[in-house]
Amino acid sequence: MRLVPVVLSALAVIPLPAAAQSPEGWAAREVVESYYADLSAGDYAAAYALWGDGGAASGQSFEAFRGGFAGTAATRVFTAPAGDPEGAAGSVYVTIPVRIEARNTDGTAQLFGGSYTLRRSDVDGGETEWRLFDARIRRLDPVSPDR
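Residue numbers (mature numbering (1 follows the signal peptide of the UniProt record, and there is no 0)): -20 to -1, 1 to 127.
Please keep in mind that the hints were generated in silico from the structure rather than gathered at the bench. A portion of the hints provided could be inaccurate.
Claimed, not checked - Per label pair, the in silico range of CB-to-CB distance:
1) F92 to G70: 27 to 35 Å
2) T88 to A17: 19 to 27 Å
3) D104 to R83: 41 to 49 Å
Cβ atoms here follow ideal geometry from the backbone N, Cα and C, with glycine treated the same way.
Please take these sequences and the hints and turn them into a complete structure.
Structure, rendered in structure tokens:
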């Protein structure tokens, strides 16, 4: 019976991995994951609404946004831990690294990588939920097995 407290005491001094995520980081990651779930489900209105300013932060009208996914059958996103939140002018920003797998309607696959920056207001009366603010996504070349 004495072994259990000793083991628990030993576990208490083991440091958390560097990838430990703050609640804010998890909340921001969930927005990115929800965005891709909405895209994969064909719910473009919900995905567009996750961009700041009612979708305007995407830099596209809703029609152009929806049209950009016309050839996409499904998407999956893999998120990495968020960077440290940074504040500026009443806003908080956080960057989420991503890898994206897309399957097109013609059966081909594409791989993308990059990051999303999310923003939320840090002032009274402002939007407190994380919203997509910027995307830095590029297409990745597939790695051949003989490389």
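*Hint numbers contradicted by this structure*: Going through the list in order, the structure violates no hint and respects every one.
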